[in-house]
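Two chains, two frames, a set of hints: combine them into the complex.
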Amino acid sequence: MTGYLLRRLPSALGVLLLASFAIFFILRAVPGDPVATLAGSDPSPETVAAIRADLGLDRPVLAQYGTWLADVLRGDLGRSYVIGGEVSELLSQRIGKSVELTIGALVFSLAIGLVLGVLGVTVKNRAGQAVLSAINAISLIVPAYVSGFLLVFLFAITWPVLPPGGHVSVLSDPQIGFQYLLMPALVMALPPAAIVARYVKDGLLQALGEDYTRTAKSLGIPHRRILWRHALPNALPPVLTVLGMLVGTLLGSAVIIEAVFAWPGLGTLAEQAVTRRDYPVIQAVLLFMVAVFVIVQLLTDLAYALIDPRVRLR
Amino acid sequence: MPVSSIFTSRRTVLRAAGAGAVALGLAGCKSAVDEKKSSPAGASGQPKKGGTLQIGSLTDFTPALLFTQNAFTAVHRLVFNTLTSYDPKTLQPQPQLAKSWQVAADGKSVTFQLREGVKFHNGRPFTADDVVFAINNLKDPKRSAQLRATAAVVQEIQVVNPLEVTLKLAHPVSNLFDLFEFMIITDKDSVEEAVTGKKLIGTGPFVFKSWTPGASLSFAKNPEYFIPERPYFDGVEVRIIPNNDSLVSALRGKQVQLAIGLNGRDVAPVKTDPQFTVQQYDTGSGAVYVGANVTVKPFDDKRVRQAISYAINRERIVQQSLGGFGLPSSAPWPKSSPAYSDATAKRYPHDPERAKALLAEAGVSNLDVPLAYLNTSTVIAQMIQFDLQQVGIKTTLEPLDPAKFQAQLIGQTMPALWAGSHGFAQLHPATLAVSAYPFNEAKNTSKFSDPAYTEIVQKAWRQPDADSPAAKAAYQDLSEVLLDRQFVIDLVVLANLYVADKSLQGVGQNTYASLVLDDAYLA
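Protein chains in written order, with my numbering: chain C, 309 to 622; chain X, 85 to 607.
Keep in mind the hints are simulated off the structure, nothing from the lab. Treat the hints with caution; some may be incorrect.
Which residues of chain X face chain C? A partial, calculated answer using Cβ under 7 Å [unchecked claim]:
| no. | residue |
| --- | --- |
| 1 | P147 |
| 2 | P297 |
| 3 | N327 |
Quick caveat, the model's predicted, so the values are computed rather than measured. Heads up, the beta-carbon is just placed ideally off N, CA and C, and yes, glycines get one too.
The shape of chain X in the complex, shown without the other chains (with noise of 0.2 Å):
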């Protein structure tokens, strides 16, 4: 066939496509970039009032886990309010639903006063039963909420009158208000369908519009929210975009305006754009760790634990792994924690040759054993795995999925040593040890057991003042104890995050890291 014959039929093709483009680009016609594009920014520093905040969201929203802390930060403060709130600096309660209150002087009940007033978005008023429904609800185990041991510790709710509640606690606890800062209120009588993601009724910022399942949420502003002039925003959209890169795509193609989820590899691209700003906050978002089974030999040794953490390169995992984010520690907690120190961070430094001496010192050579870890962290355990080899302790990585990660955690099935990351160090430091699993006096994941790790504990916890000198010593003392016993080796605090356009303002959010846009606005 002569090529000239085809000429005239690709010529056809080039020609519709040429008239596809132009009438693509035809003034009139409709542009879907265009459509979601963010308004420009204004000039004045002002608060704006009014337009929509786009959100870009990695993970969905799983109405299951409503009253637990997950990975899905955008519902918790918009939809719903808590009791008090923390001053994120100073980890003191500040009043939110309840106006004021009064610890015993033995710590053993609290009353509350409630705002009045305060409306739930299908108009029915807050009451003090309401109060009494939550703290029952969060004992329920179906729920599982993650501070169901301090939920538990409330044996009597009296309701005063209806703005004004007393509950009685088995023994004082330091932690009660990390308890009054997660528990969210909702409606009691729509509870079912809000574990269900069908109707979701708080008193918050934000009413809730609608859910599609990995596709979006939407929400309006409460015209009738506690807080004059509040919220800015008329109303919010999620977008679930479940992929890092699609989600800095979304961000710089300007279809979101905020991007939440995003660790700090994630954000390299951003980093230095003048038109994001990378928000850090001090609460951190969990720690990686190295976690010992001491059942297993020689493992049952805590100069052998000691000498894995001096054998890893904590600052490397940061600058490699993490883009530069997060802080090398050898102790869980984030500093905003009073049981923080630069010391404890730094008591384990980088140190093969001391590693290698303890390990001599333990009698233990030629090891090699299996190493656990979480698939979706395989750079971190292949760091894991060098440094320890460089000390003699040679390791067979294991990549464990989400699922079946945590069913072993919980079930005290993970071999010697497993690689993951734990939560609830940013809280009061006695929350970790009775709420965390690795951690868990009672029972945990290395099946580590002491008397004295156990009093320590309790100590901690059964302190009625969380601020007083006694209660900071009580916090010490489990920093210690941790740090030499190692049955959980820390390695980061993980950096909590949200990248946005430049133009928003007032992004908050509480210390369990659910977002709180009762400020934001976009400039």
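The shape of chain C in the complex, shown without the other chains (with noise of 0.2 Å):
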């Protein structure tokens, strides 16, 4: 594994330096600089030639991504322009808080998602498979600031038992912390889960379909026994894979519902610093989550092996 590892390290470090390219370039080919926002409402020429000399934006935009670049491989992200402060203590404050909203969504759309797909094969009658589409598709449809506020509304105005929006850690107070996460996590899992149901359901109806199910049936183990250690097991993999790739729609998901739920991690850094160009909080962020989504991809391949003892990584 070890060995299955390194040789992919090289693609994976590939990947990393061409987005570290990509996004410092697209950054300021977008129009609008952090010039302009910290020069305020009125500056005046000087005010404007201050700042930008100040900054080093003065420089050719090559040059300054080769100090960039340098200065990430030596660790130091460097310090942000407008939001203030140095970008790695900037990360460092959100990141725990977006790890732990993506835990939860990600828990809680496997959860639903295993508990909508296995109704699914399982509920026989018409208007349960209806309900149970109907559940589906809302999830999937329904934007997060929409059933954001449907939540807030219900349970932390109508019936106030949540808080509407803010953090505390579950690590430092699990009982309180988990209230602050319940809602938050729950928008963001929604969607996910409806993709989730759709792999476990599909793939259920094709493992029970197969000839070592019909086998089984044939000496006489209880159906739910083939349900739950046979097909189960054998309809992972792909949802395995799907989860995977649903991180990278969470980490994008979470600009949206950071805001409804005043989460402060690392979507609202990033909507922060790219409304105020704050490039090197955008470049660190898009990085980071760049990093993440390789790395995550690596692990899915691995876990992949392990639950599938057929797959043999070369």
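Dropping the structure here:
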């Protein structure tokens, strides 16, 4: 397995390098710059020039990229232009919160997706199927700001049992932290849950039609045991793959969900930095997200092999 | 598979869910909702000491903009003080860190006597040197202070003694006290740490504790504040809630007692709810306008610009896009301004026929021009587009995000027309014409220049006494020239408002909309 990882490393690093280049230059191609934000509403040309020189933005773009890349390789992410403070500090304040929310959402989407997927195979009557597919469709299509505000309206205002927004770490205070996490994680989990349910259902249907299932049935093994012990494990690998892909979607949807629930994670940091063209912060956040995605893809491949021994890592 | 067999598992799931719900409801269980709830309102109307005020703010603190007026208003007058502060009704300066002052008869110098015994939060005494530092700091272009032009008029600073300082001016300026209302006095030794948000040291009612970017700021009471018995609160917590609806939810869910940064439309759900107060200030919060690039034909003709002013239905913008909050006005001035008058506000009523007549007179037809706008106010841009269409001016909407909009505004690269908002009309009228970019007589986005305008602006600015009849006449001239030339077509003075829990009393703000909590308490 170490050998496998080592073989994958160069391509992962290549992806990161390419991403760093794309991020840096696309950002600068977008109109507007941090100087305009920093200069306030009545800047004189001297103010603009002073700030530009102060940030080093008067140097050629390629030279700026070189400096930035060299600094990043040394572990120095630079200083934020607009938000203020060290970028590494801004990131480290947020990463934990984003990880908390993303893991919460992944757990919810896997749990809800599994339940809905299994029910999709086991519920036979028409009304039940209609209800299930309605739940699926609604989870998939209702945008986060609608489901988010609906939940806030129901559980924070009409029947105030949960806080409407904010964050308390689950690690520092599990009981309170979980109450803060519940709504945002659920909202984030809904669309991926519908996708997971779909994959679980298809995987199960396929597995239940296989020869080994028929053999098991003819041997008199109870249906429930066949479903849970034989069909489900065979249906899981594709679900895992799709879950790995969904991490990217989750990181993207964080921008809206974090804003709705005042959850101070990477999503709001990215939004704040983009609207103010805080280059060093956007670069670091995007690069971090790409890195996470690359790592998750690697882990997905590894996990694939663990669940399904037929897959051999070459 | 028989349906019955899955029932067991479903029952187990339901049972587990039920147990969870019961667990949350158990008496001994902590609730995140109750934990943050405000204390119940007391019966007496007397100021109550103690407690922590929870504020929800739409925008986050930006330390780099500490010396600039910006959207985050909950730091300047909490941590810091200014030399003087205006009476919001009369614009008369009142003592703050300066206890008295004398302006020379020729308006070319001012001497301040400073309050004795005032200490910074780090224990260092406040002296005249801090005033010297503050003025020089505002002159630094990197601070991007909007009142830099006025600070630059201060040519020489003489420290008479540690508690007395004299400023010599290049020429008299009518908006001098706008500067002293604006200029926060910071500890001079930690200013570089202040603009990165590490350390904020002032003399104000609250001591800065911490700032977690994107999440919260925390302040504690300054026990040595120079106003005795103030502030009432033991502390202030500001939570950053970047979504308008979420901020309203936090207020309704009693997580915060004061919401700042909301606009009229946001507060509609709580407007009529007796649990909340919607407080409006006459100073407004800037004005929505349409700018015209006078180098693009036919907008070099003032009749075409005046036609636009007649074509737009200002009242409808207030009602339909701003939730009924705001003042439809052809002039930039809010009601608190010495230049405000009903007559100037109503100079351009909604009159499409008159607009068409003016366009015909100017020989303009089949006009099709771009209309740039800030993408955060699409509805207003669409209303302007509709109104202009009615008089035969076709526009193509060009949305710009805030950074791009700002860059084009200061870079003078706006298309024929653009819609945006400007500030600085709440102060002395000359401040607008020398400090707000769309109006700046030296260089403005419209590329408008007119010797008559320059003369009027300079005359209004260089008044030695801001309240003299001569000064007032100069403000009227300024108002008239703006209304006639219409390179900036003002539409609506935006409402300056906050929403608070009914129990919150004594909240104030200065002329730059900075929150003042010296006298605030929860009844």
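A quick look at each hint next to the structure:
Given hint, X/P147 at the interface with chain C, holds; its Cβ is 4 Å from that chain's nearest Cβ, closer than 7 Å. About 6 Å separates the beta-carbon of X/P297 from the nearest beta-carbon of chain C, less than 7 Å, and the hint is met. Annotation: interface hint on X/N327 holds; nearest CB of chain C at approximately 4 Å, less than 7 Å.
Violated hints for the displayed structure: none, as all numbered hints are satisfied.
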